[in-house]
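Place chain B on chain A using the hints.
Line by line, the protein sequences give chains A and B. Take the first sequence: its letter number 130 is residue 130 in this note's numbering, and every next letter is one higher. Take the second sequence: its letter number 255 is residue 255 in this note's numbering, and every next letter is one higher.
As the list makes no split between identical chains, a pair holds if one copy fits it or if it spans any two.
Calculated pairs, DMTMM-like style, for lysine to aspartate or glutamate (alpha carbon to alpha carbon, straight line, at most 20 Å):
{"hint": "1", "residue 1": "Lys251", "residue 2": "Glu216"}
{"hint": "2", "residue 1": "Lys240", "residue 2": "Glu138"}
{"hint": "3", "residue 1": "Lys306", "residue 2": "Glu243"}
{"hint": "4", "residue 1": "Lys191", "residue 2": "Glu74"}
{"hint": "5", "residue 1": "Lys251", "residue 2": "Asp219"}
Derived by calculation from the structure, the hints in this document are not laboratory data.
Residues per chain are reported as follows:
Protein chains: 2
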Amino acid sequence: MQEKVRVVVDAMGGDNAPAAPIAAAVDALEKHENLEVILVGREEVIRTELARRVKTIPSRLEIVHAEDVIEMAEPPVNAIRRKKQSSIVVGMNLVKKGEADAFVSSGSTGAVLVGGQLIVGRIRGIERPPLAPLIPTENGVALLIDCGANVDARSSHLVQFARMGSIYMENVVGIKNPRVGLVNIGAEEEKGNALVKETYPLLKECPDINFIGNVEARDIPAGVCDVIVCEAFTGNVILKLYEGLAGTLMKKIKGGMMSSLRSKVGALMVKPALKKTLKTFDVSEHGGAPMLGLNGLVVKTHGSAKSVEISNAIGQCIQFEKQHMNEKIKEHLIKEKENN
Amino acid sequence: MQEKVRVVVDAMGGDNAPAAPIAAAVDALEKHENLEVILVGREEVIRTELARRVKTIPSRLEIVHAEDVIEMAEPPVNAIRRKKQSSIVVGMNLVKKGEADAFVSSGSTGAVLVGGQLIVGRIRGIERPPLAPLIPTENGVALLIDCGANVDARSSHLVQFARMGSIYMENVVGIKNPRVGLVNIGAEEEKGNALVKETYPLLKECPDINFIGNVEARDIPAGVCDVIVCEAFTGNVILKLYEGLAGTLMKKIKGGMMSSLRSKVGALMVKPALKKTLKTFDVSEHGGAPMLGLNGLVVKTHGSAKSVEISNAIGQCIQFEKQHMNEKIKEHLIKEKENN
Chain A
1 MQEKVRVVVD AMGGDNAPAA PIAAAVDALE KHENLEVILV GREEVIRTEL
51 ARRVKTIPSR LEIVHAEDVI EMAEPPVNAI RRKKQSSIVV GMNLVKKGEA
101 DAFVSSGSTG AVLVGGQLIV GRIRGIERPP LAPLIPTENG VALLIDCGAN
151 VDARSSHLVQ FARMGSIYME NVVGIKNPRV GLVNIGAEEE KGNALVKETY
201 PLLKECPDIN FIGNVEARDI PAGVCDVIVC EAFTGNVILK LYEGLAGTLM
251 KKIKGGMMSS LRSKVGALMV KPALKKTLKT FDVSEHGGAP MLGLNGLVVK
301 THGSAKSVEI SNAIGQCIQF EKQHMNEKIK EHLIKEKENN
Chain B
1 MQEKVRVVVD AMGGDNAPAA PIAAAVDALE KHENLEVILV GREEVIRTEL
51 ARRVKTIPSR LEIVHAEDVI EMAEPPVNAI RRKKQSSIVV GMNLVKKGEA
101 DAFVSSGSTG AVLVGGQLIV GRIRGIERPP LAPLIPTENG VALLIDCGAN
151 VDARSSHLVQ FARMGSIYME NVVGIKNPRV GLVNIGAEEE KGNALVKETY
201 PLLKECPDIN FIGNVEARDI PAGVCDVIVC EAFTGNVILK LYEGLAGTLM
251 KKIKGGMMSS LRSKVGALMV KPALKKTLKT FDVSEHGGAP MLGLNGLVVK
301 THGSAKSVEI SNAIGQCIQF EKQHMNEKIK EHLIKEKENN
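For reference, chain A alone in the conformation it holds in the complex (with noise of 0.2 Å):
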């Protein structure tokens, strides 16, 4: 029999929600025979909403009630500190007291960054805790790490961030030896600003992650490399930038298109093609970003996620308790101690 996993679900957070959450919850259910959901937020609220979809509570779904709701522009240290009873703290909570295995939110990442840290809390040497969504790439995926909000990293977080990204993108996502690429100005060794001159040399040192080296920026879009190491601000600005460049082309495109009677005929032909093609390159579509080195996996899901987007990050829950992540994280860190 396989091991039962438990995934906490905010219903309260994202722009959709409670209808979006509420619906990924009862659609993971019926997909994943191990999974057990906590839905934490207004008890009646989910009540109301569940009973529009199931004529009867799913057996392995449980409802926690949590009050409040953390608002998208609070901010996130004080909403974690005085909100005791909302979703985000009641459902991080539960993670903490082992009660369940993760916790998954389309709410403020800034609360849900906060609560990860200072409620889940960071596994025993984990310097810090890197927020790590999955980009879309000419041919699939890379883990863009770290774009959290703890900015003005050192040598020796981009070094766990490369270590952790690795196990990840092998075990979850399921590429072999993934390749660890280093952000930079320049492919050369002695190129970049002080914190990357420093981490190269400790990367290339590492035994245990494939290095290929320096990447730049121009390079990430055609995926030459899986996990791309970064300081989260350098991260936040990529993630950004591939969110605003994408729609900005976009919305040129379809204006060109529009301009003449031949481009507008050509235009309603091509546009399920563009489309689809479109979805693919849709930071959004590729399930939520972990938050990885903590006692238990956080998960921030886009704050527009929909129903299939967080149905999906309940599944990398299920996968990441599986490979049993924490452990190889936890066994990384011992040798990494062994080796120093």
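Below, chain B alone, put in the same frame as chain A:
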């Protein structure tokens, strides 16, 4: 009568040299009556190429022989120091000695940046001369300042970038009261790394710029500001991701359109409109990147620049001189000193 402007053009730099820079020189001379061009490079190569284009050498064109060429892959500092007879060193020396106003090259970016600092030299009071390309946005262009080779900038550098960028956009590109944004990972003042947190209040207090606050990378392509202020590492990531993402997206879109007969027919019909749209979003289409804050102007054109882009860059130099850009930068430095 208009003031004469003397521009040195590196005849040996870039993928399309010597044809592209020489054609650009001839074209620019036809367009601008007050222009004088000095072509620097191997004299016999220049004469042969010129003979293919014009019957007699134009009266406002001079050839200055330079035996050496700095290759793209050469370490810049070494190349500038050792190759005294290279087109870049000989050309920049003409600017230094006051025999020319500006230098345009499609050669090695590193060598142009190093040469700009070591040979042409900084304006007294300028701490660091930034490289500032124009990047395409939804409705126009924005100046990305700095994309240079000197990373790990200080906040005082960023303030000078904001000032010089504003003067450039207002006077050379013709945008009244240009909006200045600071690249950050959130819109709020308290967000960011140590550098931007220190820079934000300084920019807020600048009386002579139109500071609109933090900008996220997501909003850059939409054209949220005219002067994008950032440290060179971040600027380099933005510039190169712009190039890479646009390229990959187009490849995906083209591939997607070829996936069915229906979309293939449609693709033929939208092709001209699509091509036009993409041209407006090509980073290399927007003239040269000026290196600001030097005793003279240095403009770096894309390595793959064609003659039309180089000719446009020569046009930029004329506008730069006509607007007395460097005098304006110096005036600002005096004001800055008085305010402190």
